[in-house]
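These are the residues of each chain, in order.
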Amino acid sequence: MELLYILEINGKQEYLNMNSIIKTEDLSVFYGKKRALNNVSMEILPNQITALIGPSGCGKSTFLRVFNRMNDFIEICSVEGNVYLNNENIYNKKVEVEELRKKVGMVFQKPNPFPKSIFNNVAYGLEIQGINDKEFIKNRVIESLKQSYLWDEVKNDLLESALSLSGGQQQRLCIARAIAVQPSIILMDEPTSALDPISTAKIEELIISLKKNYTIIIVTHNMQQASRISDKTAYFYMGDLIEYNSTEKIFRNPEKESTENYITGRFG
Amino acid sequence: MRIKEIIIETILKVSSYLTVLVTIGIIYVLLSQSLSFFKEVSIVEFLTGKQWTPLFANKHFGILPLISGTMLTTFIALSVSVPIGLTIAIYLSEYSSKKFKKIVKPLLEVLAAVPTVVYGFFALMVVTPFLQQFIPSLAGFNSLSAGLVMGIMIIPFVSSLSEDALTAVPNSLREASYGLGSNKFQTAFKVVLPAAASGVIISIILAFSRAVGETMIVSIAAGQQPRLTANPLVPIETITGYVVQVCLGDVPHGSLEYKTIFAAGLTLFVITYLLNNLSFWLKKRYQEVYE
Amino acid sequence: MNKLKKILQDNLFEYFALICTFIGLVLLAIFIGKIFVDGISRIDTDFLTNLPSRKAEKAGILTSWTGTIWIMVMTSLFVVPLGIAAGIYMQEYSKKNTINTFLEINISNLAGVPSIIYGLLGLEIFVRMLSLGNSVLAGSLTLTLLILPIIIVATREAIKAVPQSIRNASYALGATKWQTISNHVLPSAIGGILTGVILAISRAIGETAPLIAIGALAYVPFIAKSPMDEFTVLPIQIFNWTTRPQHEFLINAAAAILILLAITFFLNGIAVYFRNKWQTRIS
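One line per chain: the protein sequences are A, B and C, in this order. For the first sequence, the numbering used here gives the first residue as 1, with consecutive numbering after it. For the second sequence, the numbering used here gives the first residue as 1001, with consecutive numbering after it. For the third sequence, the numbering used here gives the first residue as 2001, with consecutive numbering after it.
One or more of the hints may lead you astray.
Claimed, not checked - Sample of chain C residues with no beta-carbon within 10 Å of chain A, all distances over it, derived: (1) G2033; (2) N2109; (3) M2129.
Unchecked claim - Short derived list, chain A residues pointing at chain C, Cβ under 10 Å: (4) G57; (5) M70; (6) V104; (7) H221.
Claimed, not checked - To be clear about the criterion: a stretch of chain B counts as covered by chain C if any three or more of its residues have a C-beta under 8 Å from a C-beta of chain C, and this derived list gives those stretches: (8) 1058-1067; (9) 1105-1116; (10) 1194-1204; (11) 1233-1244.
If you're looking for bench data, these hints aren't it; they were derived computationally from the structure. Keep in mind the model is a prediction, meaning the values are calculated, not measured. We put the beta carbon where it would ideally sit given N, CA and C, even for glycine.
Construct the entire structure; sequences and hints are all you get.
Shown next, in the form of structure tokens:
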């Protein structure tokens, strides 16, 4: 049975299929002969925060990069199985990967603003789509900066270089830049691991607020972070998806022993 | 959008493939003219004859005098640039402050930036007369002045690349040496230099290749008398000097004399090509990668 | 070896090394000084605006420096787009396969080929086969091939220095490869590329051998007005005057050398300025 909800998102009415927005079927990823992900099948629900956790090298970052095909840049990387975004296979030969990346945004571990002004950083994603309407761009930039909790701090300095911002501000700028193109999904690869605790807290608050408009998948090393902000958590180990459940279940009452060992810090 | 990307990539690709065309062009030009040359002149005479007189009535086509002239000037140049260049390299990497190195290294590049025709002028008008005061038998054109000036020009080739190789040697080796009570000199010569040996040798080979291919200094100051000799005080002619001499003259296209410059050019190309690829091979095989 | 000897050894080496370091530059300064003394008085408006002549006092470098400018401009027109395009392809597009490794080795080889060989190449292909004669066009095409590897290497190094994180950010927003290169990589790399271009052009201006090979003469009694005209350049004029026995011609050569050195050092100075400016920007 399909559940249909009519919601207002960004002023537009959207029909939301409460079935999954992203689905993987027997997904395996190889680097040359080495298998990094092993037959992973899972579904990610919309407007939720899904955390990917696991020890170093377990494949969680590889898994994340499957969704916006950033793995394509690694020559020896090959993918088997199926990945569906809104029921379309994203590895289909007809798919234009640039279009995919406009729907699936990414925030990286180390903030990487362009050496341009704050305004131009956020506007860049719109410009490469050929949007010329200066009013439209300006409004979208302001909106994105507001949604990223950065507007108040930079509203008088939009033409300053983005590199003059602090680390935490730069990361919020990168988030603003990502949401300016209005993706439906935002991938976050350890977005706070390079930041201090106060910036981390601000960004966690920001991520939670973004949930109502976006679907967020976040890779994190920080289990407290995962339990604080995510709705569902997936635990990976050595390329396998060991357990995937609501965050509360994973952290209070995990089913698998491996999960429990990781959560309680016995390894990794 | 796709099409635009493909067009751009193709244009860029073609640009880089043109470089292959250049190599093909060089080989084609040198080989075709040389093959035509060797139809009339035996290759044995070319490689073993001791006289080079293609422009005289009594023609001989032995390239050895030109090769000897080239090697003589090159040897003199290297005997200046290698000791000086290496000493500078060792000083910059083992003794001097970072600030000193930062200023001096680019400063030395000035030596390589001066046009070679200017160095030729120096060799002929300044160095030769100066040396003649001490060596009265020094001819007006000789390989000594040309070689010495060429050596000065080549110093940065040796010093820069050797310094890179020396600096790449990890500090842990130096610390081990100092910890045993060595001074800088011993550490530099007994530990660091041997560890950087392949890089230093590569820099010398590249300097050698540069010297062999040098044209203007020898054209101006070394003379136009092909001669099989080791005497640095007399006029000689190098391969490159000969090519210039012919190009300045009125040699008809297609004549045997015209083709000699390509045979000489081919010889030069083979020598430098072998030297350069030797250095690449050495780099690949032996360069200690300390990362 | 006792402690005193060790210190002495280090000190002696330091003195020797300092002499070595500066001897080249000192000698160069002496050379240039002597040329300056000989030639500076010869430089006047007549010298700069006269045509070459059989009489040394009447001879000037008009055709030479105009020829040098012709060569400089035309060579840049060919080599800059070609070299940068090839550099971009090799650094951003080409994958690690045998063809591209071969391409790299080939360019390294071309960089080591003596300049006179490029002259022979130009002589056969541009002057003869393409019937361009000993024209400005033939000369600049020849020099283009000569300095092409330098520009390619400089472009590659400059592009390599742009951090990968910038590219990642651009691709993650859905930018295409060319959008990423034109919007981010090239603007960041432009300083290094420019430095390489200026240094390469500076080298081309000082080249004599390849232009002699393609037939650029010293006695050209007119200014080149089109790319197909015959021409001469400063280094060739210098070479020609140096080989004359009369003392007055040697004064002329010294004066022309001063002009050529001024141009060369000026260009190198600009390049170093750009390099420093660019390097501080990156850090």
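Open item on the list: Next item in the hint list is G57(A). Is there a CB on chain C closer than 10 Å to its CB?
Closed with: Violated - the Cβ of G57(A) stays beyond 10 Å from chain C, reaching only about 20 Å at its closest.
Task: Within 8 Å of chain C's CB atoms, at least three CB atoms from the segment 1058-1067 of chain B: coverage verdict - done: Coverage by chain C is violated for the segment 1058-1067 of chain B (0 residues, Cβ < 8 Å).
TODO: Against chain A, does M2129(C) hold up as non-interface, every C-beta pair farther apart than 10 Å?
DONE: holds, 41 Å
Open item on the list: Cut-off 8 Å, C-beta pairs, minimum 3 residues; does the coverage of the segment 1194-1204 of chain B by chain C stand?
Closed with: violated (count 0)
Open item on the list: A closest beta-carbon separation below 10 Å is what the hint needs, so does M70(A) meet it against chain C?
Closed with: holds, 7 Å
Open item on the list: Restraint: H221(A) near chain C, CB-CB cut 10 Å. Satisfied or not?
Closed with: This interface hint is violated because 19 Å lies over the 10 Å limit.
Task: Coverage of the segment 1233-1244 of chain B by chain C, judged on three or more residues with CB within 8 Å - done: It holds: at least three residues are needed, and the segment 1233-1244 of chain B offers 3 whose Cβ sits within less than 8 Å of chain C.
Open item on the list: Quick check for students: does the CB of N2109(C) sit more than 10 Å from each CB in chain A?
Closed with: holds, 26 Å
TODO: Evaluate the condition: distance from the CB of G2033(C) to the nearest CB of chain A exceeds 10 Å.
DONE: With a cut-off of 10 Å, G2033(C) remains clear of chain A, as the shortest Cβ separation is near 45 Å.
Task: Restraint check, 10 Å cut-off on beta carbons, for V104(A) near chain C - done: This hint holds: V104(A) lies near chain C, its Cβ roughly 9 Å from the closest one there, short of 10 Å.
Task: 8 Å C-beta test of the segment 1105-1116 of chain B against chain C, three or more residues - done: Check passed, 9 qualifying residues.
This entry does not satisfy hints 4, 7, 8 and 10, going by the numbered hints stated previously.
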